[in-house]
Each structure stands twice: as C-alpha cells, then as structure tokens.
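A.B. asks: Each chain, written out:
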Amino acid sequence: MTTRPNVPFRYALNAAAAAGLYIVLMILIRAKVLNRYQALMLIPIGFNIILAVSLNLSAGFLGQLPLGHAGFMSVGAYTAALFSMSVSLPTNLELPLALVLGGLMAAVFGVLIGLPALRLKGDYLAILTLGFGEIIRVIILNLKFTGGAYGLKGIGRQTTVTWVYIFVLITLFILNTLIKSRHGRAILSIREDEIAAEASGIPTTYYKVLAFSISAGFAGVAGGLYAHYLSILDPSSFGFMKSAEILVIVVLGGLGSIFGSVVSATVLTILPELLRGFAEYRMVIYSLLLVAVMIFKPSGLCGRYEFSLGDTLDDFFTLLRGKLKKQEPVARKPATPEPAAPEPAKGK
Amino acid sequence: MTPILDISHLGIKFGGLQALDDFNLQVQNREILGLIGPNGAGKTTVFNLLTNVYQPSKGKIQLTGENIVGKTTHEVTRHGIARTFQNIRLFKSLSVLDNVKIGLHNSMSYSLFSSCLRLPSYWKEEAAAAKFGGELLAVFDMERLADVPAGSLPYGAQRRLEIVRALATNPKVLLLDEPAAGMNPSETAELMRTIHDVRDKFDVAIILIEHDMSLVMGMCERILVLNYGLVIAQGTPDEIRNDPVVIEAYLGQQEEEKEKIE
Chain A
1 MTTRPNVPFR YALNAAAAAG LYIVLMILIR AKVLNRYQAL MLIPIGFNII
51 LAVSLNLSAG FLGQLPLGHA GFMSVGAYTA ALFSMSVSLP TNLELPLALV
101 LGGLMAAVFG VLIGLPALRL KGDYLAILTL GFGEIIRVII LNLKFTGGAY
151 GLKGIGRQTT VTWVYIFVLI TLFILNTLIK SRHGRAILSI REDEIAAEAS
201 GIPTTYYKVL AFSISAGFAG VAGGLYAHYL SILDPSSFGF MKSAEILVIV
251 VLGGLGSIFG SVVSATVLTI LPELLRGFAE YRMVIYSLLL VAVMIFKPSG
301 LCGRYEFSLG DTLDDFFTLL RGKLKKQEPV ARKPATPEPA APEPAKGK
Chain B
1 MTPILDISHL GIKFGGLQAL DDFNLQVQNR EILGLIGPNG AGKTTVFNLL
51 TNVYQPSKGK IQLTGENIVG KTTHEVTRHG IARTFQNIRL FKSLSVLDNV
101 KIGLHNSMSY SLFSSCLRLP SYWKEEAAAA KFGGELLAVF DMERLADVPA
151 GSLPYGAQRR LEIVRALATN PKVLLLDEPA AGMNPSETAE LMRTIHDVRD
201 KFDVAIILIE HDMSLVMGMC ERILVLNYGL VIAQGTPDEI RNDPVVIEAY
251 LGQQEEEKEK IE
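Residue numbers (the working numbering), protein chains in the order written: chain A, 1 to 348; chain B, 1 to 262.
Bear in mind the hints are in silico, worked out from the structure with no lab data behind them. One or more hints might be untrue.
Mimicking BS3-like on lysine-lysine, the simulated pairs with C-alpha atoms at most 25 angstroms apart in a straight line are [as the list claims (entries may be wrong)]:
(1) A:Lys-297 / B:Lys-92
(2) B:Lys-172 / B:Lys-60
(3) B:Lys-71 / B:Lys-58
(4) A:Lys-121 / B:Lys-58
(5) B:Lys-60 / B:Lys-71
(6) A:Lys-153 / A:Lys-242
(7) A:Lys-297 / A:Lys-144
(8) B:Lys-124 / B:Lys-71
(9) A:Lys-121 / B:Lys-71
Here the structure is a predicted model, which is why all the values come from computation and not from measurement.
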C-alpha cells in the first residue's frame, strides 16, 4: 500500500503554488514583461482550460463522447450575459453570480439532453449530441431576446485575468475531488465496463446523467467568461467547429487526464497566435502537429497521467537522497484515484 | 427453515425460443449449489434473470421474502445478489483496490457535495472503505496487489478479484459464472478452497455454473441439471452422476437403445 500523504500539508502546498503562480503572472503583467495583448491571451487560455477539462469529464472519465459541447457553452454564455445586462450590481458580485447562473442553466440543459442522449452509445451518442448542439444554436438564432442573428451586444467587459484564474482553480479543484470520490469511481467504472458497474450496484443511468450535466455546467461557466470577455455574442461562433475544437484539445491532451487538458488547452490556444507569422500556412502547421501527435502518441500528450505537485516533490526528494534504487517495483499508474492531495493549479 | 432465495415458475421467451421454463429453486443460507447442463441449456440465462438483466416473462423471484422481479440490476445488487461473469469483467485500468471500492459504493453514503468539498464525512468513509477493502483483499491474499491495475493481474487473480468485488457489495447470494473456466487443475483446486472459505467467512449462499465436473461434484451440496431450458434433474452429486437422463443429455443415447427405438 502506498503511504498516506500528509493531507493538510499537501493542501497548503497546492494553495501556495496556486497563489505563487498568480503573483508571478500579476508581476509579469505589471512589469510589462507580458504586453497588453499577451496578457489578454491569458483569458482565452483560461476558458479553454475550463472547456477542455469539463469535456474531458464526459469524454475521458465517463467514456461517452459528446459532440455538442459548444451548445452548452452558448447556453451558459447567453444566460450569463442576459443576467448581467438586466441587473446592475457591483461588478465583483455581478460576474460570479452571472457565471454561476450560466453554469446552472447549462447543467439543466445537460440533464434534459443527457436523459435521452445517454441511452445511446458511441457513434450514435456523438451524432445525437451534435444534433442537439445545432438545435440550441438555431433556437438562439431565432429567439428575440437573444438578439438573433445580429447577436447580443453591449455585454459588460467584466472578465479579468483574476476572475478567469479563480474559476479555473474552482473547476480544477471540483473535478479533481469529484474524480477521487466514490462518485468519481462510479463514473470511471462506467467507462471501464458498464455491465460490471451495474452489477456492482452502481446506478449507471444516474451517474451518466450526473457526469454529463456537470460537464455541461462547467462549459456554461466558460461560456459566461467568454461572453464577458468579448462583450458580443454571435450564435455562429457556437457551431460544430467550436465543439470540434474543444474535442481536439481534449484528445490531444489525453482522454482521462485533467493535467493533459490543461497543458493542451494552453498550448493549442497560444500556438495559432505564435504561428500568425506564417499567415496562410498556420492552419496547415497546426493540423500537421495534430496529425504528428496522433501518430506518435495516440493516447494524447499525457495519456492518463495526472500531475501532483506533492508526489512530484516527494519523488524529487527521494531521488536526492539516492534512495530510488529498488523502490516500488510497481510503477505509479496514472488516473488511479488515490487519497492524494488535489491537483495543484498548474494552469493559468 | 425459510429459504433465502425462492424462485418459482420462472420462465423467459426470446421470440419463439423458450430459453427457460418453469424453473423452481429454493436456496438455503450458506448452501453451495451447482447449475450444470450442456451449452445453450439456459444456465447463464438463470443468472441474468436473477440479476434482472432480463425481465422474466413469468414467475417470481423472492429474496428474503421480498419480490425482486422488475427491479433494476443495481437495485438487485443492493438487495443482496452479486455475481461474477463468464468472461471476466473487471475495471481493467483501475487499481485492484479501486475495483473493490466500487463494490463498496453503496456501503458509503457521503454526498456529492461532500466529495467535492472534501468534508469530514468524505475522509471518514473513504478511510473506512480503504481499510475494509484492504481487509477483504487480505482474505484472498491480494493485499500486496492493491495498487496494481486490475488488467495486469494474472488470470487466476483476476477471477479472484471479481469474487472480492462481488463480496464487497455484501451479498446474501453469490452467483459464480464458470469460475474455473480456463484454469489448470491446481488452480481449480485452489479455487475450490477459496469458494469454501467465502461461504464460511461471509455467510453467503453460492450458486455456481461450471463445466468442470471435478469442481461441481467435489463441492456442491446440491446440483441442478438444465437442458433446453428445463430442469431435467436435481439432487446430490451422487444422484446426478448416476441419473440416466443426465447422462443422456450430456452423452446422447446409447447405440442399443437407439436401435430398440427404431
């Protein structure tokens, strides 16, 4: 059995790391090491992380591949935007309220769509959720109060790096603790073998819908951040291509790895910007990179590996003491929930 | 003594095929019962009906006096029927201990809220589950393997882990579907000891489907023989071994008899 990590210490360590990273980012921005454009890039990185990690919950951990994630994102975006436009509260209260509301609304849609959709599997589920995603988009396009094809304009630009950072941390913390609980194990057991899960007393339908709606809920939060970042919402930006884009991030990072999704969302948000110099070739290079990763590492960049700051430091110190000779014939495996500390905030 | 499991007139039809008809069985607590028969006789169908993977077309199943027909599989598991599968179904990429903890799912009760915020109930129940899971594994000499992915275990250990996981759900009746399939004689002998241990330590009734006659004859107190969905014989191993109907079902009629009929 593995030795039980010192839990309070691990929490403190992760909290310190999260705070430390935030301070470093703020210093970089204040000291103009990151220019205004680069500092603003941190926001899309943030909501892409939330989108990817939340999609990973249903695609990687539950093992059901939905293709309508952008639909839930749009539900959250419009809900949050309409809320913040209709009330006037102090910004620091209005934005989180709008985001939570957007998330809840998206989660409700997750339940509504999940109930019928999750009766299907594999390709069928993918096509059906793709259909639902498009239906949501078309409905938004044709409603009056959403601004229809003109879009929704004049949403307050309230999304700041700090708020994005806070919500990324909340997302990572909640998904990480969820996965390592009895509920998370139930979700994983469905991915591994649904028949055996049911026979082990897991109410599989309940957990499928639960995971699906939590996944949708966080997509809604990301949508809210997106809305208050761009200040304009246009239904055409929530089409199938957006869903596919999020899926690419997840698959590239590794289905079933939260850490992988964080890394991959960061890389794939920055990469197209870095490649801007290559003008028309940039999507070609981007696509080639994806092809290369799928050929050389089909399980994604991180497979099912989960980064744990505590474990990494432990390993590092053992290495320092030169005690790593004949330790642990059984290698540490990825994605096996242990009573370890939550994943630290290595995101942005 | 009232039976722990009482099945009466159970039957199921798949289209025009009567896969099982008029199946009656009373199982006492701590009984070890064998279910045998040629391929396609309906043995696994009985298990699938007991765990409500299929809904019976007629008949009743009572577990400790309560009717369980119409419940879902996970509800039946919670009521006390656990099973293993003919072709092993483990959660392969999860650790051995996690496989057992999934079996313990319903013995824990902390909420979703508690797990996301890691409230004290989470820590308490998870620690208890880890301890109990470890003890269960220790009974089967597997505690060293707790952190190994279940899929990388050797075959025999995978079969044992399936039994551990089933026991973790705290069953009253344990259904074993061909537990000795693919095992060599020494592994089978070990399995027989394990099954006896399970019955003695966990106080469960065991129904097992098996083709390995040494195991069935060696350890079952009572045997039921199925053929074409009908119970053609039941009794002690000795009675079954010498029953002409059973011999006929397995080996066919003897030449002279055939001639006589002609």
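A.B. asks: Please go over all the hints and tell whether each is borne out by the structure.
C.D. replies: Hints and how they fare:
no.: 1; hint: A:Lys-297 / B:Lys-92; verdict: holds (21 angstroms)
no.: 2; hint: B:Lys-172 / B:Lys-60; verdict: holds (18 angstroms)
no.: 3; hint: B:Lys-71 / B:Lys-58; verdict: holds (15 angstroms)
no.: 4; hint: A:Lys-121 / B:Lys-58; verdict: violated (30 angstroms)
no.: 5; hint: B:Lys-60 / B:Lys-71; verdict: holds (12 angstroms)
no.: 6; hint: A:Lys-153 / A:Lys-242; verdict: holds (20 angstroms)
no.: 7; hint: A:Lys-297 / A:Lys-144; verdict: violated (47 angstroms)
no.: 8; hint: B:Lys-124 / B:Lys-71; verdict: violated (31 angstroms)
no.: 9; hint: A:Lys-121 / B:Lys-71; verdict: holds (23 angstroms)
When each numbered hint is compared with the structure, violations occur for hints 4, 7 and 8.
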